[in-house]
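Protein sequence lines correspond, in order, to chains A and B. Quick note on our numbering: the first sequence kicks off at 518 and runs consecutively. Quick note on our numbering: the second sequence kicks off at 518 and runs consecutively.
Among the hints, erroneous ones may be present.
Covered stretches of chain A (in silico footprint by chain B; criterion: 3 or more residues with CB under 8 angstroms from a CB of chain B, positions within the stretch not fixed) [as the list claims (entries may be wrong)]:
no.: 1; stretch: 578-590
no.: 2; stretch: 621-630
no.: 3; stretch: 811-819
no.: 4; stretch: 822-829
no.: 5; stretch: 832-843
no.: 6; stretch: 873-880
Simulated from the structure, these hints should not be mistaken for lab results. Note that the structure is a prediction, hence the values are computed from the model and not measured. By construction, the Cβ of each residue, glycine as well, lies at the ideal position given by its N, Cα and C atoms.
Number of protein chains: 2
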Amino acid sequence: MIRFFNGRLLSMDGGLDITEDEVWTDGDKICYVGPQKDELPAFGRQIDLKGKLLMPGFKNAHTHSGMSFCRSLADDVPLQPWLFEQIFPLEAKLTPERVYAFTRLAVLEYLSGGVTAAFDMYYHRAAIAAACVDSGFRCVLCGTNGTPEAIEDEFVRFNSYDKLISLLPSIHAEYTTSLEDIKAVAELAKRHKAPFFTHNAETKKEVDECVARHGLTPTELFDSLGMFEYGGGGFHCVWFSEHDIEIFKKRGLWVISCPASNAKLASGIAPLARYQAAGLNIALGTDGPSSNNGLDMFREMYLACVLQKLQNMDAAACDAGDILLAACSGGARAIGLGDCDRVAPGKQADLIVIDLDQPNMRPIINIPKNLVYSGSRENVVLTMVAGRVLYENGEYFVGAEPGKIYEDAERELKAMLNE
Amino acid sequence: MIRFFNGRLLSMDGGLDITEDEVWTDGDKICYVGPQKDELPAFGRQIDLKGKLLMPGFKNAHTHSGMSFCRSLADDVPLQPWLFEQIFPLEAKLTPERVYAFTRLAVLEYLSGGVTAAFDMYYHRAAIAAACVDSGFRCVLCGTNGTPEAIEDEFVRFNSYDKLISLLPSIHAEYTTSLEDIKAVAELAKRHKAPFFTHNAETKKEVDECVARHGLTPTELFDSLGMFEYGGGGFHCVWFSEHDIEIFKKRGLWVISCPASNAKLASGIAPLARYQAAGLNIALGTDGPSSNNGLDMFREMYLACVLQKLQNMDAAACDAGDILLAACSGGARAIGLGDCDRVAPGKQADLIVIDLDQPNMRPIINIPKNLVYSGSRENVVLTMVAGRVLYENGEYFVGAEPGKIYEDAERELKAMLNE
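Same shape as in the complex, but just chain A:
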């Protein structure tokens, strides 16, 4: 058992109230949240927070972790040559070993930035799963394509692989998937009563071409195939029609917004304030390191808010508190991790500690606003996943030395560039 005491708690159990409650964990779960007790059980470790803030970890609800190899490889170039001349030819050289190495690197960045789970769409999913389990990191996989047998096989396999790993039905996107394959995933989602996710309306071109092909937007097409019968959502959702918004509302789907990637690739600004007004569910993701290039949920929260102010020319648009909830609780519920959405007894112990004794967090007037508008990765001093401390004060506890992980990633990238 581990005891967190003498700090502040933003449990997200019912809102953004901050208390001085203690939190105890037992194994991978939270077992007590409340005031200090007179009699204490035997703890394996007692962590004196000294005024620091304990809160649920960030959930990176859309990423391609294995793309950490493309960081700073092709920036400030137009989208099409970026994708077709730089990224795709390199991705063709990926192997399970390489995806493992690059995912290991990304997990370090998640942990030191307070991210406790990722919804990861990439190739070589067995390698992703192994990299996450070896690190102690929680991962929801997606991205399965292929024959109905293959996707069924992956679904079953990764949902019984490890308590840290799960998989949700998905396709990459309408424009990269045959209608036959889309229908196969639709059947999978229905058969397992599972939510369905995909890239959706990231660019205007994508939507226009889908309408030209099918007479329907991507959202309309997926809905017409019954893919959202058990929920799900879309990555990006920048170019939604009013009807798309209605479908998302009716089905209770999740908009998973990636504002940094959408800005850097000049895809546009997802109209989150409009979605909030329509009552849509919102979560945030970083997208891959090739298009972002950081894996930094503080940056995503900041951008989510301020880009709405710009888009609406209204400094009051998009409240920071709502976005903070979206980045933690919302993300968890979006990606099937409802047991990681807040700090409450019985929930998974996916927790982070934020140091408020740093100048960017002072004065302490409104901690949620501090987190969104002046918070940064440096404020994260501890990250716990499933009850295990994986990061603390600059040190990683992930079963391998960071230096080794950097070297492996660097060596594999250089090999790919030279092949």
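On the provided structure of chain A, position chain B as indicated by the hints.
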């Protein structure tokens, strides 16, 4: 003498090349940049960089440091009530002691974020100067208003106050200054052959009202009064006409862009790509903590680039390398700190060390892009101003304990809120 060795050097002496040169400092200056020598002089300290990156510090070319008290005090509210109902009434309660305490707090944030100098416009300039000198931090003051005698007095006083302090002629803005006061500052700038700076075209309303009053944009008005005869520039520059751009080009003036503040207050996006194409000089600032809310030049660099991609719907718009130079060298030259603009013998030793052994900086393919697109405050591990190490690995060497600085700021803010 201090020796930095065994690292990488981004000197900005002629571009963005990275070498393995050593750097030696002597007193407040850099005395040697070059390859390792066989015979070494006696050093007071030798810093083994172990592969880390040494580079010029960031110059925060527009800020109101003393506004650190308003952080998270009034976010997500419309601009007018924000300013008139929240900020102005509190500012009326400022005293020199309070500005000293709040500036001390801001300086900590600058140092841990790799900022080595700030161009600071705020009230109670003697208190700002004292706070910076006591911290060892470099500051260029501005914001003088009042009678010709008063502004002359401040100009002379702060330009002979301390080697870390200087002052440049300025007014707050056209819309807050009488024509008489504007003319008095114009005379000061001419008399001392000094550059002139002011808020300029931050909001569309500001420009429209100036045109209605004078038949001229702010830039045209200032130029007609001869205020830019010896250079200078504008803070924000969001809403420039083609003629404003021509004037800035002809006079060699500096656009000091504050993308985070302009976004959060819904002022707009300064068209930096257009300014770059027109050959204008560009520097970056954070603006005050009330409108940003961080004092984070990494965020400014990131936003400067990606907002241009959004504004132009072109992922190739605004190269990160140019923005990195703007944030360091450009900022120095903009604010009269030409001797702090790069790492070269005879220049001031205003240096920072960036840790590349952190996951967000890996792989090491293109360090300038890493700095802008995935870099963050956590990567700054040492900040030196005028040859003195003021920040290193989480510790501050500023003549006061951070805990005391936090307490003082917090106490003064609470007193203001209760008065």
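Quick rundown of the hints versus the structure:
| no. | hint | in the structure |
| --- | --- | --- |
| 1 | 578-590 | holds (count 5) |
| 2 | 621-630 | holds (count 6) |
| 3 | 811-819 | holds (count 5) |
| 4 | 822-829 | holds (count 6) |
| 5 | 832-843 | holds (count 6) |
| 6 | 873-880 | holds (count 6) |
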